[in-house]
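Spelled out from the first residue to the last, the chains are:
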Amino acid sequence: MSTVQETFATTKSPSTELPAGKSNALGRNLSLLILLVMLVVPLFVRNFVIFQITMVLIYGIAVLALNILTGGSGQFSLGQSAFYALGAYTSGILMEHLGVNYALTLPVAGMVCFAAGFLFGFPALRLSGIYLALATFALAVAMPQLLKLGIFEHWTGGVQGLVVTKPDAPFDLPISQDAWLYYFTLAVTLVIYITSIFLLKSRSGRAMMAIRDNEIAASAMGVDVSLYKTLAFGISAGITGIAGGLGAIAVQFVAPDSYTIQLAIALFLGMVVGGVGWLPGSFAGAAFIVFVPNLAEEISKGLSGAFFGVLLLVVIYLVPHGAKQVATFAESLIDKLRKT
Amino acid sequence: MGSRPAQQFADPFHVIAPTGYAVMQAQVAQGTATAAAPLLTVRDVSVVFGGITALNGVSFDMQKGQVLALIGPNGAGKTTLFNCLSRLYQPSAGDILMDGVSILTRPPHRISEIGIGRTFQNVALFPNLSVLDNARVGAHSHTNSDIISDSLRLPRSRSVEVAINKKVLRILDYLELTHLAHTNVAGLPFGTQKRVELARALATDPTILLLDEPAGGLNHEEVYVLGDLVKRIRDERHITVLLVEHHMGMVMKIADHIVVLNFGRKLAEGTPKQIQNDPEVLKAYLGDTAK
Chain A
1 MSTVQETFAT TKSPSTELPA GKSNALGRNL SLLILLVMLV VPLFVRNFVI FQITMVLIYG
61 IAVLALNILT GGSGQFSLGQ SAFYALGAYT SGILMEHLGV NYALTLPVAG MVCFAAGFLF
121 GFPALRLSGI YLALATFALA VAMPQLLKLG IFEHWTGGVQ GLVVTKPDAP FDLPISQDAW
181 LYYFTLAVTL VIYITSIFLL KSRSGRAMMA IRDNEIAASA MGVDVSLYKT LAFGISAGIT
241 GIAGGLGAIA VQFVAPDSYT IQLAIALFLG MVVGGVGWLP GSFAGAAFIV FVPNLAEEIS
301 KGLSGAFFGV LLLVVIYLVP HGAKQVATFA ESLIDKLRKT
Chain B
1 MGSRPAQQFA DPFHVIAPTG YAVMQAQVAQ GTATAAAPLL TVRDVSVVFG GITALNGVSF
61 DMQKGQVLAL IGPNGAGKTT LFNCLSRLYQ PSAGDILMDG VSILTRPPHR ISEIGIGRTF
121 QNVALFPNLS VLDNARVGAH SHTNSDIISD SLRLPRSRSV EVAINKKVLR ILDYLELTHL
181 AHTNVAGLPF GTQKRVELAR ALATDPTILL LDEPAGGLNH EEVYVLGDLV KRIRDERHIT
241 VLLVEHHMGM VMKIADHIVV LNFGRKLAEG TPKQIQNDPE VLKAYLGDTA K
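Just so you know, the protein sequences line up as chains A and B, in that order. Note that our numbering gives residue 309 to position 309 of the first sequence, counting from 1, and the numbers run on in steps of one. Note that our numbering gives residue 83 to position 83 of the second sequence, counting from 1, and the numbers run on in steps of one.
Pulled out of the complex, with its shape left as it was, chain A reads as follows (with noise of 0.2 Å):
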């Protein structure tokens, strides 16, 4: 726009000053908060949670990825797991057999699944609703036996799988592993929440929901449904292998039989408990995934499938939206209280 049709533009438009508006992401003061918390949680908790915190945020990012997919652009997905699997076996092998440095891998596994995420597009788009859930699940079971073919059995180690050596902490930072793994985890896991959101709110993104909401029209506004539907798959896939990556670096080991189909309805599920196409209930949804089985087992050893089941359905029941409801629920509450 040149200057002169700016000042135009700006002494004619009569009110541009606009309502603050909702959005799909939490507040800035309550996220800085929750980054506060996290960065200090590691002072006051055992190895072990932290690691289990790390797992959070590992499968929040894959939540997240499918939350893109699914909330943002409408296309379901069941095979998650079989791009958590990539992610994961590509950081495996450049570490193990190309001794490339941990945190270069991530962007390499975020490529190659973009790559296969974006390439599954294309028969993707012929199929939608539950048809794609089935092609995307076909996938999901396919991907542990493609892994234990016997011509890659050199680089992915056949069904013993491949032992990830972890990494230390840099600079002689007096921390243990399992702590520098969570910082190292939680800024890859900003740096994703951040772009994620911002997409979501650029003009890509709302391509992407306008054709979740409504194919034709958008089409009829001049949104190629083709491009953004497989731009979402790749994107999705790209990153749900990062999350892939990080994971094999955080167990240190991969193997067929860890990215079965159960991890797709796993991060499925997270996505349910968290609330679709909210963004930060991703990561509501992973600690569900993550924790909800290990309570499940102390209320009882033998039935623990049995009460995870009954858990489930109490928080379907009671919070259909998942955490985004919760979340709603309390901003008014606080708006209230504020009021009186």
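By construction, these hints were calculated from the structure, which means they are not laboratory data. Careful: at least some of the hints might be erroneous.
Claimed, not checked - Partner residues aside, some chain A positions facing chain B, computed with beta carbon under 10 Å:
1. R203
2. R212
3. D213
4. V223
5. S226
As the list claims (entries may be wrong) - Below 20 Å or equal to it, Euclidean Cα-Cα: the simulated DMTMM-like pairs (lysine to aspartate or glutamate) are:
6. A:K201 to B:D146
7. B:K166 to B:E176
8. B:K64 to B:D235
9. B:K64 to B:E236
10. B:K273 to B:E236
11. A:K201 to B:D278
Ideal placement from N, C-alpha and C gives every residue a C-beta, glycine not left out.
Take the given structure of chain A and dock chain B to it, following the hints.
Just chain B, lined up with the frame of chain A:
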């Protein structure tokens, strides 16, 4: 709803059209042309679904600055023609030219960028998005961004966003929707949703605005407010309007030119007065015994 089938069709007129346009321009230059070049030309368009002919050789011209109404009894082919214009259907014969250039080689998502905006019969908004975001999606085709600069909120992406907001906020203000900017459209009354859809269509910067039964579902008063709004949009924003409408009161009040379809054929064409007195039209609407 693929773009693929649309691209498969060879377009016989595409090569000829620019030449025809050039000839016409030459005529204008020599002062020999009688009328201004039409903005939109529908030429012998036929659409066949299976064995049923929904449109049969329909032709008409649309002049710049007109409000052209497309009317006809149910099943006459109005919406079919409308969907050909927005490239949801591919005509089996004939051509549609805008400024002398065929639009039939374009996939549906590349129609808004040449200035054809539309609304839908029963409102096709994005229900989970706010009024503001709905309108912002309308600005999609005239802007450019990529996922990397969007995710990192690079200056490129930010300046696009500023431009989109500036344009969209002015349109919301024009249609008195500013106070609803952050409201989700799903909960809004039907009449307001129609206005949001209009805002979204205006955000595509249309030269031609296609309105599919805008009065449907509105009460008496709302219909007249809408009629005035359409006229205002035509006069103040210099947008040519093509209207498919059942509401005869509104059509007769705001249309400059009317095309009547019946059983997929063009029955009559003319000014509202001519159409009101056309015996063929009366027969189609009221049956043989009337008169």
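_Tell me the numbers of any earlier hints that the structure contravenes, in ascending order._
10, 11
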